[in-house]
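Take the sequences, apply the hints, and build the full model.
Each protein sequence line maps, in turn, to chains A and B. Take the first sequence: its position 334, counted from the start at 1, is 334 in this note's numbering, and no numbers get skipped. Take the second sequence: its position 298, counted from the start at 1, is 910 in this note's numbering, and no numbers get skipped.
Honestly, the hints are just simulated from the structure, not real lab data. Among these hints, one or two may not hold up.
[To be verified] Result set (DSSO-like, lysine-lysine): computed pairs, CA atoms no more than 30 angstroms apart in a straight line:
(1) LYS596/A with LYS741/B
(2) LYS596/A with LYS842/B
(3) LYS823/B with LYS555/A
(4) LYS842/B with LYS732/B
(5) LYS922/B with LYS890/B
(6) LYS933/B with LYS823/B
(7) LYS731/B with LYS596/A
(8) LYS784/B with LYS94/A
(9) LYS552/A with LYS656/B
[To be verified] If the Cβ cut is set under 8 angstroms, some of the chain A residues that face chain B in the computed set are:
(10) LEU62
(11) LEU378
(12) LEU431
(13) ARG508
Glycine included, each C-beta is placed from N, C-alpha and C at the ideal position.
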Amino acid sequence: MANMHQDTLHNDLSHDVIHHDADHHEEGHGHHKESFITKYIFSQDHKMISKQFLITGIVWSLIGVFFSVLFRFQLGWPDESFPLLEMFLGGWAKGGKLDPQFYYALVTMHGTIMVFFVLTAGLSGTFSNLLIPLQIGARDMAAPFLNMLSYWFFFTASVLLFISLFLQTGPAAGGWTVYPPLSALPQANIGSGTGMTLWLLSMAVFVVSSLLGSLNYIATILNMRTKGMTMMRMPLTMWAFFFTAILGVLSFPVLLSGALLLIFDRSLGTNFYLSDIYIAGQQFTNSAGELVQGGSPILFQHLFWFLGHPEVYIIILPAMGMVSEILAANCRKPIFGYSAMVLSILAITVLAFLVWAHHMFMSGMNPFVGSIFVLFTLLIAVPSAIKVFNWIGTMWRANINYTPATLFAVGFVSMFISGGLTGIFLGNSTLDIPLHDTYFVTAHFHIVMAMAGGFGMLAGIYHWFPKMWKGRQMNDTMGAIHFWVTFVGSYCIFWPMHYLGMTGVPRRYYTDEYFNTFNMYENLNVFISVSAIIVFAAQLLFVINFFYSAFKGKKMTTENPFNYNTLEWTTPIEPGHGNWEGAIPAVHRGPYEYYKDGHDFIPQTTPDSALK
Amino acid sequence: MNTTLLGLIIVLLVLIILFQISRAGELIGVLRGNNMTSQERNNKIHGMLFLIFMIVGLPLSFWATWYYKDWFLPPASSVHGAEIESMFFWTLVATVPVFVLTHIVLFVFSYIYSGSATKKSYYFPGSNKLEMIWTMIPAFVMILLVYQGISSWYRIMGDAPADAYIIEATAKQFAWDFRYSGLDNKLGNKQIKYISSENAFGQDWKDANNKDDFQADTLHLPLNKAVLVKINALDVLHNFYLPHFKVKMDAVPGIPTQFWFIPTKTTEQMRQDLNNPKFEYELACAELCGVSHFNMRRVVVVEEEAKFKKWLASQESLYKKQNVAAKESNTTPTTASQQTEENSSATTSKKVSLK
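Next comes the structure, spelled out in structure tokens:
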């Protein structure tokens, strides 16, 4: 009852806002137009902020993926020299061969950029911002100003990391997990100097951005749903973004604390992570000349993975939500088992906090602790399996319309199955003994997190592109080519890596030539590298399509040409700040009523009375 | 340089061609009016492509695995390795059918339910019965895998047999150093602060157990006898990784770790089995440790126990090698007393500063 009362009260309030907004809008039209700066740069409109996140994310993804192409050159053709590399990279590629130090810098930056700047900020930042107000029926975020800050903190983090790429000593090169002591001691690695400092600062600022965003998403979803939009009537995207934000709020601060302690160790002479070190020919001593003792490098791993593991769900949950929405809408069929889908997201969110130490089975941690993490890790396969079966159930007896978004959504399901199943190997500590830190791990997390997450993001871009760019659509043919090359190509890149991993080839090796156990995969490495280059080229096609369509794409002529149910398709073709011109529509039903009782589709705004 | 440039130009041209074709398709679509039939044809094509992807992809994935099976490591050369292989086999049994079946269903559905204007989808918002079934079955399978996994894990990670031979592996940038516990099978104490150019491990010479400890560049292991490796790192994280024995454990500065196992095949036997006279067991580093992480190889030799014992007896201890006894009589007493003095003065100064 209290809830209902609050809802109506809220609705009254928002009606006030509407009138105010409408008046203001008319008034503003003639006299003071929004300036370039308030509209495009320091914008508080969630749709503009989402575009800012997306464009920054696309730029970062091009850099991040390009880095992987560079180090795939080294891995595919370790003996060949590429003079072109020397031309652009100078001393980092003397004689056309990547310097090992630069190789590790590339590997580290590829991981950092893709995980944090592309698949966290670029994915969740873009679509949480775009879709939350549009799909729950709100004018904007709960706190538009904080939302704007969220982007600008992200931008600052980006600038800091970007600067580190141009340092003479190079960016951080200790792996994206930046385990100390390697990352703490400049004498252990030249990348652990200024490059590492910038990495840590960038990450600290990034955490601020993530928290501002997440708190906003939670507050908006809980408080600003339009009349009739009960929690169980929300599209699954909303549930996914909601739990993603909760994961972020609870886990990112732990990364911040881990990073801060590392900053202290590096700059203030503390030793949270350092103990008993003998490096570069001498004992590692404090300013009093005593041997530094008592810290624990394992502590950092706990702090890092307490974020690091939820982080992979921060990446995959939004992708799952968008795929659910896109599949249902284009299968013209309700999502199979809506409540089971919500409950499985909830289960994943809870379990996500109880599995972090499966990254540390081989760290020397107590085996009993390890066994607990085996249990929870394998249990998380259950809600994941439920989701897969529900997606497939959604496609059963459907009437599938293959837009590029649908293609990527189906591709997502395939990737998630393949990558999820290899997780059952790695989550089992016994099997982690041979597989830990081999290419099997690389293959697993790229398929289940990077590819699946990326496919979810691309599906979302194709699907909601008209809502971002004044009703313009992306080119379907280019989208289809982009999908098929990426889908087949991704399997060609990552499937063979399982074989390397089962042989035991360690990841993060500049070359395998020193080990007879590992060095027989030359041809396969060439195959992987060639596939990677082709897939990268296909992404360029996507970028061309994206920017061309943003300005010249085919324009929608009606608000909802694709007959979707959710609220964003009731906004004008070019929604202004505030989203709806008149009152915010009220909601009368769930989001997935396709082909119910003979109706092709029933938008959420349709009252029962209108159906008779 | 020219080939790279040529490659770049080709990629660029292909992109431009694809772009133009796609744009032409869109314009034709606009001219014709976007009727349902073109959408229907599009749906059919993609449904068919998914089906083809499955029909080609699934057998290809099996063929590739079969093709590369000889490249995988031979059966593990350790007792616990067999246990890991059994776990791997049962996990395959649990996952491969799921992989095949879900993909067949996914892509067959993609094909047969590709959309058209004449068809209607079937309104079916879910079934609690089905949800229960596909919750319970994976949960049950997972519990079985967890049970087997944890049982093996405890056996592998459990206490080493009391008679296990003790070897110490110390990692540094970028090499492994081995210290053998000598004939008494007891490693002497060591401390980082004792490390010097003459004392690479920082052995405490007052500990009698140190007197027969010796260093080796090759990791010698006895056949069919438990070996307990004490794993240390001097500078950054490393990982003691013996692929053929399925042994892997981080080396952590300040926190000693260990791994015990029983080698079951001599190097000689492996050479015969693999028909490769050059075969060597190898030790690698499996935790990113810096710029030469990929180059921390050591050779591992497994030999019959008698041979191993003979080798053991033939080694000269570090104590003797460094001629510690002679040096000790001259210098050690003073340095030792200085050391304690320093320590006590350090603690007092700390107390003072705390006040």
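Taking 30 angstroms as the top limit, are the C-alpha atoms of LYS823/B and LYS555/A close enough?
-> violated, 85 angstroms
For the hint on ARG508/A, does the least C-beta distance to chain B fall short of 8 angstroms?
-> Holds - the Cβ of ARG508/A comes within 8 angstroms of chain B, reaching about 5 angstroms at its closest.
Given the hinted pair LYS933/B and LYS823/B, is their alpha-carbon gap at most 30 angstroms?
-> holds, 10 angstroms
Are LYS842/B and LYS732/B close enough, with their CA atoms no more than 30 angstroms apart?
-> violated, 67 angstroms
Can the hint on LEU378/A be confirmed by a CB-to-CB distance to chain B that is less than 8 angstroms?
-> holds, 4 angstroms
Agreement of LYS922/B and LYS890/B with the hint, judged by alpha carbon distance not exceeding 30 angstroms | This hinted pair holds, its Cα atoms lying about 23 angstroms apart.
Interface hint for LEU62/A, Cβ within 8 angstroms of any Cβ on chain B = violated, 14 angstroms
Does LYS552/A pair with LYS656/B here, judged by a C-alpha cut-off of 30 angstroms?
-> holds, 28 angstroms
Given hint LYS596/A paired with LYS731/B - CA-CA distance at most 30 angstroms | holds, 14 angstroms
Does LYS842/B lie within 30 angstroms of LYS596/A when you go C-alpha to C-alpha?
-> violated, 67 angstroms
Return the status of the interface hint for LEU431/A: holds when the least beta-carbon distance to chain B is below 8 angstroms, violated otherwise.
-> holds, 6 angstroms
Taking only the CA atoms, is the gap from LYS596/A to LYS741/B under or equal to 30 angstroms?
-> holds, 21 angstroms
This entry does not satisfy hints 2, 3, 4, 10, going by the numbered hints stated previously.
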